[in-house]
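Trainee: Listed below are the residues making up each chain.
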Amino acid sequence: MMSELMLIVILGAPLVMALWLAATWLAGFEPSERTISRTTAVSFVVATAATGALTWTMHGSGWAPVIVDIGNWFAAGAYSFPILLVVDRLSLPLLALTVVLSGLIGSFSSRYLHREAGYLRFFLLLHVFAFGAETAFAAGAFNLLIVGWELVGLSSVMLIAFFNQRVAPVKNAVRAFAIYRVTDIGLLLGVFLLHHAAGSASCTLLFHGIWPQQDTPLGAGTATAVAICFLLAAAGKSAQAPFSGWLPRAMEGPTPSSAIFYGGISVHLGVYLLLRAAPIIQKSPVAPALVVFVGLVTAILATLSARTASDAKTSLALATLGQLGVIFTEAGLGFERLALLHLTAHAIIRTLQFLRAPSMLHDHHRVHAAAGGALSRTGLYYEALLPINLRRWLYRFALDRCHLDTLIDRFVGDPILRIARRLTAMERAGRAVSVQSSARVLAGTSVNEVAGG
Amino acid sequence: MAAARLALTTVSIAAPVVGAVVATGQERPRKIGFASAAVSLAALIAAVWLTPAASAVLAVDALAAAPALAFAALVAASFLIAPSADLSGANCRDLLLCLAGALTLYCAHNPFLLIAGFAVSALPLLIPHAARGRRAALKAPIALGLSALLLAAGSIALMTATSGTAAAFALAAVLLAALIRSGVFPFHSWLFSACERPLPFVAVLSGQAGAFVIARLALPHFPQTALSTLPYITNLTIAGSLFTVLVALGEVDPKRTLALLRASQNGFVISGLTSGALEGITGALVHWIVAAVAAGGLILVLRCLEARYSDLARQEFDGLAARTPRLAAFFLIFSLALVGLPGTLGFCSAELLFHGVLEAHPILGLALPVAAAINAIVLLRLFSRIFWGRNRTHVPPMPDALLRERLAFTAMTLFLIALGLLPHSLITSRVAPAEKLAALTQPLRHQ
Numbered sequence: 019m020m021s022e023l024m025l026i027v028i029l030g031a032p033l034v035m036a037l038w039l040a041a042t043w044l045a046g047f048e049p050s051e052r053t054i055s056r057t058t059a060v061s062f063v064v065a066t067a068a069t070g071a072l073t074w075t076m077h078g079s080g081w082a083p084v085i086v087d088i089g090n091w092f093a094a095g096a097y098s099f100p101i102l103l104v105v106d107r108l109s110l111p112l113l114a115l116t117v118v119l120s121g122l123i124g125s126f127s128s129r130y131l132h133r134e135a136g137y138l139r140f141f142l143l144l145h146v147f148a149f150g151a152e153t154a155f156a157a158g159a160f161n162l163l164i165v166g167w168e169l170v171g172l173s174s175v176m177l178i179a180f181f182n183q184r185v186a187p188v189k190n191a192v193r194a195f196a197i198y199r200v201t202d203i204g205l206l207l208g209v210f211l212l213h214h215a216a217g218s219a220s221c222t223l224l225f226h227g228i229w230p231q232q233d234t235p236l237g238a239g240t241a242t243a244v245a246i247c248f249l250l251a252a253a254g255k256s257a258q259a260p261f262s263g264w265l266p267r268a269m270e271g272p273t274p275s276s277a278i279f280y281g282g283i284s285v286h287l288g289v290y291l292l293l294r295a296a297p298i299i300q301k302s303p304v305a306p307a308l309v310v311f312v313g314l315v316t317a318i319l320a321t322l323s324a325r326t327a328s329d330a331k332t333s334l335a336l337a338t339l340g341q342l343g344v345i346f347t348e349a350g351l352g353f354e355r356l357a358l359l360h361l362t363a364h365a366i367i368r369t370l371q372f373l374r375a376p377s378m379l380h381d382h383h384r385v386h387a388a389a390g391g392a393l394s395r396t397g398l399y400y401e402a403l404l405p406i407n408l409r410r411w412l413y414r415f416a417l418d419r420c421h422l423d424t425l426i427d428r429f430v431g432d433p434i435l436r437i438a439r440r441l442t443a444m445e446r447a448g449r450a451v452s453v454q455s456s457a458r459v460l461a462g463t464s465v466n467e468v469a470g471g
Numbered sequence: 158m159a160a161a162r163l164a165l166t167t168v169s170i171a172a173p174v175v176g177a178v179v180a181t182g183q184e185r186p187r188k189i190g191f192a193s194a195a196v197s198l199a200a201l202i203a204a205v206w207l208t209p210a211a212s213a214v215l216a217v218d219a220l221a222a223a224p225a226l227a228f229a230a231l232v233a234a235s236f237l238i239a240p241s242a243d244l245s246g247a248n249c250r251d252l253l254l255c256l257a258g259a260l261t262l263y264c265a266h267n268p269f270l271l272i273a274g275f276a277v278s279a280l281p282l283l284i285p286h287a288a289r290g291r292r293a294a295l296k297a298p299i300a301l302g303l304s305a306l307l308l309a310a311g312s313i314a315l316m317t318a319t320s321g322t323a324a325a326f327a328l329a330a331v332l333l334a335a336l337i338r339s340g341v342f343p344f345h346s347w348l349f350s351a352c353e354r355p356l357p358f359v360a361v362l363s364g365q366a367g368a369f370v371i372a373r374l375a376l377p378h379f380p381q382t383a384l385s386t387l388p389y390i391t392n393l394t395i396a397g398s399l400f401t402v403l404v405a406l407g408e409v410d411p412k413r414t415l416a417l418l419r420a421s422q423n424g425f426v427i428s429g430l431t432s433g434a435l436e437g438i439t440g441a442l443v444h445w446i447v448a449a450v451a452a453g454g455l456i457l458v459l460r461c462l463e464a465r466y467s468d469l470a471r472q473e474f475d476g477l478a479a480r481t482p483r484l485a486a487f488f489l490i491f492s493l494a495l496v497g498l499p500g501t502l503g504f505c506s507a508e509l510l511f512h513g514v515l516e517a518h519p520i521l522g523l524a525l526p527v528a529a530a531i532n533a534i535v536l537l538r539l540f541s542r543i544f545w546g547r548n549r550t551h552v553p554p555m556p557d558a559l560l561r562e563r564l565a566f567t568a569m570t571l572f573l574i575a576l577g578l579l580p581h582s583l584i585t586s587r588v589a590p591a592e593k594l595a596a597l598t599q600p601l602r603h604q
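Residue numbers (the numbering used here), protein chains in the order written: chain V, 19 to 471; chain E, 158 to 604.
Chain V on its own, in the form it takes in the complex (with noise of 0.2 Å):
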């Protein structure tokens, strides 16, 4: 009863922060900062002893999984969506992450932005991303991941275009939630699939054992198609190969947000998602060497891309993905404890140097002067040993991204836009179009151009 209570503590915390904030604004009030700081401080401090009280009490019982059903959420004919919560090995350490981690990030912004005119929207949406994140981790029927899933990719498209009254941000934002919500049709159908073929998408019933000596009763096709879902959507929310081009735009946020979603919590989501349906995918023949294939190409492509990077954001968070890439192949190869264990360090690590970035070229100049100015050499890099001409062309490929974006416009984004572009010319006219209208067609911009308008 005790976990049961502390769990329900943990998320509701920051939903009645979130709701909070967000009626009283509608309201036409504005808390003040310090109220809102202060709150968010209460909010978490009470949520972290929570996690502390239910580590203990699960420590207490052999770490057994503590499983909380609120019964169905709504039901129709066959269908049902059960609010069911799991805490187990694998949801645990995250959870206390995601709280610990929100609450030093709600810290820090208190100071770092100060006197910013979108102070109350940040803290809205850190506290919609946390319970969002609750939610998903603490998610015992892959129904409700999809809830703090799609609540994650909200608050995050939302704090990309945080400084709104700019152009760049606000196409990445589109950019990013385009991506989004393309690749989280894979997390729907697969949720569609078991229950087709299982009934139910209900961990408790799909899984048999502890996590990771998990065993699923599902046979191989189904599995097969179901693990190609979820790869397709935690590609998709950890930016890996084809889709890691939103994750150094998303690099426009404020930097506490780049912090907790690109750092901290909102990238390993998708790591998790296949780490909770890790029965699943290596029951698959094929999934397993997808998904290693999948995080071996992304952490090659941005190790690559890292070498171009000119800025310490843009860095760290193609850091982050050849990290990410690393863990996917952890992970499609089985190490399931070493992928967690592997998360956590990164997640961590990663946070805090996203919010050292803006005072880190300020520290840098400081020890380099101190230094005489003899701390950075360059020119000594692996690549002076390859030749010029093939030195130069990795180099407009790294530069570039690896060309995903470009290849996903090209082959993906653009088409559409102008069989879409076409379709509204045929409606406009009222007619067939006409070849000079094609021709404007498809002289039409790229999707880059249209993402913001």
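These are computed hints drawn from the structure, not numbers from a lab.
Given the structure is predicted, the values throughout are model-derived calculations rather than measurements.
Worth double-checking, as some hints may not be accurate.
For the chain V half of the interface with chain E, some residues (derived, Cβ under 8 Å), not all of them [said to hold, decoys possible]:
hint : residue
1    : A71
2    : W74
3    : F99
4    : I101
5    : F210
Glycine is no exception: its CB is placed at the ideal position from the N, C-alpha and C atoms.
Knowing the structure of chain V, use the given hints to seat chain E on it.
Mentor: Chain E only, in chain V's frame:
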């Protein structure tokens, strides 16, 4: 008790008619319009409270209760929100007659009353509007007039049909009327011209009647021999949803974009209704309320902005969030509800609807989540074009949401979020009528 029910239902229809008569010729009829709609809503709530009876000529049964209440509440809200320029005496009269017609349609258990309600609820759109060229002005009256005539012809033929073939033709006429009225592909172009009128809100709500006619008239009278055609309707509406949302992707005009998204959402609803799966039908019955409230909210926010800023969407980015942050927030919430974000009622309805349609049509059904994803992208892009991208100093001064607007928008937002968090009672209330509709198409599922 039966007399009280009938009296309350009649009051709910008569109140807007009386309001329409009083409002005609008035210069500022906002209060009269709101009062009439509020009385109508109150009478309707009381009628629903007194356990609906389907046997009477006019009665709010389980199928009609939720959409009728939503319609009346939305019209009342629109009287609070609509800019004064939109609420002339004539427009106010038309809107109230539209409400009376819609309630007659929802409450009618007699085909003639149903036809009358169907026609009157489109009244504001049946009168040619000369604002945008002759051809465009006639599109909506012709399409909606044709759909009313088809419904009348089909209903009368259905009552008098002696052979299966005659019944099938009659049914085809009814279905065609419903599809035209819903504005689903390929009958969506009237929505554009309708949205250019002073009350685009009516155009957005008008499509509800098409889906309702399918549920009330078409499915119960579907001859067994014609059941095999039902999947074609589902397929047409799924493909139509994808088509219209692709057109929306290339569109830059905000009103046309919203009209296309509304057509796409109507396609979702009809595909769910005709899917034959209980989950799909229940989802559709909930989603038509969500789509009405969310799309109605979106078009009302847009009209509020147009009234404040005549250059809306003339350039790539307007940056209006700097001046109207609350209108921006309402627009965002309605958008997210329409595309099924968790925490809003749209998520629950979309979950059920997609699940049912995918169960019934596993291949073409895949187009539905794709269309939903594009819906979401189009809406966020539209939001970013209107509200983001410019500095406060570059946006002309304008007021944010006024108190009356804020009250109405907040009520709509609360409806979407509160029922999104606690959807059980609403969805359970939709299961009973959905079971009846599913039972009608059971033979199809066993084929």
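Trainee: If a hint holds in the structure, say so; if it doesn't, say that too.
Mentor: Cross-check of the supplied hints:
no.: 1; hint: A71; in the structure: 26 Å, violated
no.: 2; hint: W74; in the structure: 31 Å, violated
no.: 3; hint: F99; in the structure: 7 Å, holds
no.: 4; hint: I101; in the structure: 11 Å, violated
no.: 5; hint: F210; in the structure: 5 Å, holds
This entry does not satisfy hints 1, 2 and 4, going by the numbered hints stated previously.
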